[in-house]
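Asks: Listed here are the chains, written in short residue letters.
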Amino acid sequence: MTRHHPDSLSLMEYSAGNLSDPHALCIRLHLERCPQCRSRVDTLDSLGAVMMDHQPKVSVADTSFDQLMARIDNTPEPSPEAVARPKVDPLMKLLGQDINDLPWKRQLADVSVLDISDKFPGQNERVVLQKLVSGGKAPAHTHRGDETTIVLQGAFSDQNGVFNQWDFVVLNEEDEHRPVAVGCEDCITLSVLSAPLKLTGTFTRLLNPFLR
Amino acid sequence: MMTTSHANTMTVKERPVSPLDKQPEKAEKRRDPWGVLLEKVGKNQDREAYRQLFEHFAPQVKYYAISNGIANLAEELVQEVFVSIWRRSCLYDWRKAAASTWIFTIARNQRIDMLRKMQRTSAEMAVETEDLWQIPGENEDEPVTSLHRLMSERRVRESLSHLPEEQITVIAKVYMEHKSHQMVADELDIPLGTVKSRVRLALNKLRVILQDQNV
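Top line first, the protein sequences correspond to chains A and B. Position in the first sequence (first residue = 1) + 238 = our numbering. Position in the second sequence (first residue = 1) + 72 = our numbering.
Keep in mind that a hint or two might mislead.
Below, simulated DSS-like cross-link-like pairs (lysine-lysine); rule was C-alpha separation at most 25 Å, straight line [stated by the list, open to error]: (1) A:331 to A:343; (2) A:375 to A:343; (3) A:325 to B:115; (4) B:189 to A:325; (5) A:331 to B:189; (6) A:331 to A:357; (7) A:357 to A:325; (8) A:357 to B:189; (9) A:357 to A:343.
Label pairs and their calculated CB-CB ranges [unchecked claim]: (10) A:399 to B:262: 32 to 38 Å; (11) B:196 to A:336: 19 to 25 Å; (12) A:314 to B:188: 23 to 29 Å; (13) B:255 to A:347: 42 to 48 Å; (14) A:362 to B:143: 22 to 28 Å.
Hints are computed from structural coordinates only; laboratory data are not their basis. Cβ coordinates follow ideal geometry from the N, Cα and C atoms, glycine included.
Produce the complete structure using the sequences and hints provided.
Replies: Structure follows, in structure tokens:
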């Protein structure tokens, strides 16, 4: 179980570029607001550079550099704006609108969900947004497999504490919890699931996962 | 920390230069030669500096492609990475990252982008590779982090030489062969827990050394 920050191993897989797009998105959103984890990733990127230097080198083709210069000379320089890249909010870019305005599907009195897996074509994981209305309670449940969640808005609490905006949580089948949205905003989370969650309460019908 | 104000007072008495002013100068002397070359490319489109960078880093990038299982695209990856280095060099700031670290992140992003384009079906994802893999805040003024970044590559390099080979092997597979911890476990035929503990031991070692030097 990982709480509030991604663990070093996940940050390493991010730095190495080995995560699926949905998992990379969760880490990326957390990094934007967490200088501490950003600094850990900087160190890990340095580790990547050192590993690259530590490995064998392979000579490039004799013509490689000339080919490169020819390409640079024959391609117009992109504008400085295009090079600098404006700061983007990857979530906004992915969804195209504010998370509060999405076509939420209400599942329980307090719980709405939206499956956004189709925004990641070619990926096997299930990616779900969940909304717990301010003050609302979700039914108790556990999870099958690892479920990675990041809080996008508001906050929720469970027996393990309070999870605020941009907090990061990884839960699995051993973690049963009953989240409650705290604060005056609806709590919206983004979760990447390797398997559907399992309800432990009295609910018998199949319920889409409430990701913390 | 406790001695800071005292030290300041002492320094001011002896000479009119504060320790804070001295710091960038000290850091300047530690500049890595590749960073100096990269800045020349960024400021003056210096082709000789660019060629030196190419001679040093292109063979690394080529091996990176081969070890990542895209040997047939290795020359192409080298080209893409170096075009990107040329275009982005004006954004490089030696105070924020060692040149090798900056180049590693470009190679990683280009590798991800290349694989993504190869696997692309009719449906496209709205976010681009850099939206997910470029560390946000890179262009912000973060003085504390900058100093940390400046030194981290050197520390990592030094501490890596003290790591046992079995830890380096695992890290190399993660970074150079884009294998998950699970895939590394399968390949080496050792439990996942063993892979994770080797990585944790290595990362602890790196961090411990960082902490020691920050004191």
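Asks: State for each hint whether it applies.
Replies: Hint check:
1. A hinted pair counts as satisfied when its Cα atoms are at most 25 Å apart, and residue 331 (chain A) with residue 343 (chain A) qualifies at roughly 21 Å.
2. With a CA separation close to 16 Å, the supplied pair residue 375 (chain A) and residue 343 (chain A) stays within the 25 Å bound.
3. A C-alpha spacing of about 23 Å is found between residue 325 (chain A) and residue 115 (chain B), which places the hinted pair at or below 25 Å, so the restraint holds.
4. Distance restraint check for residue 189 (chain B) and residue 325 (chain A): the Cα-Cα separation of roughly 23 Å lies within the 25 Å cut-off, and the hinted pair is therefore satisfied.
5. Proposed proximity of residue 331 (chain A) and residue 189 (chain B) is supported: the alpha carbons are some 19 Å apart, at most 25 Å.
6. Among the hinted pairs, residue 331 (chain A) with residue 357 (chain A) is consistent with the structure: their alpha-carbon atoms are about 11 Å apart, no more than 25 Å.
7. This hinted pair checks out: residue 357 (chain A) and residue 325 (chain A) have alpha carbons roughly 21 Å apart, not beyond 25 Å.
8. A threshold of 25 Å between alpha carbons decides the hint, and for residue 357 (chain A) with residue 189 (chain B) the separation of about 16 Å falls inside it, so the pair holds.
9. Distance check on the hinted pair: residue 357 (chain A) and residue 343 (chain A) sit about 17 Å apart at the alpha-carbon level, within 25 Å; holds.
10. Between residue 399 (chain A) and residue 262 (chain B) the Cβ separation comes to about 35 Å, which falls inside the hinted range of 32 to 38 Å.
11. Against the hinted window of 19 to 25 Å, the Cβ-Cβ separation of residue 196 (chain B) and residue 336 (chain A) comes to about 22 Å, which satisfies the hint.
12. At roughly 25 Å, the beta-carbon separation of residue 314 (chain A) and residue 188 (chain B) lies within the given 23 to 29 Å, and the hint holds.
13. Range check, residue 255 (chain B) to residue 347 (chain A): about 43 Å between beta-carbon atoms, so the 42 to 48 Å window is met.
14. Checked against the hint of 22 to 28 Å, the C-beta distance between residue 362 (chain A) and residue 143 (chain B) comes to roughly 26 Å, which is consistent with it.
Comparing the model with each earlier hint shows no violations; every hint is respected.
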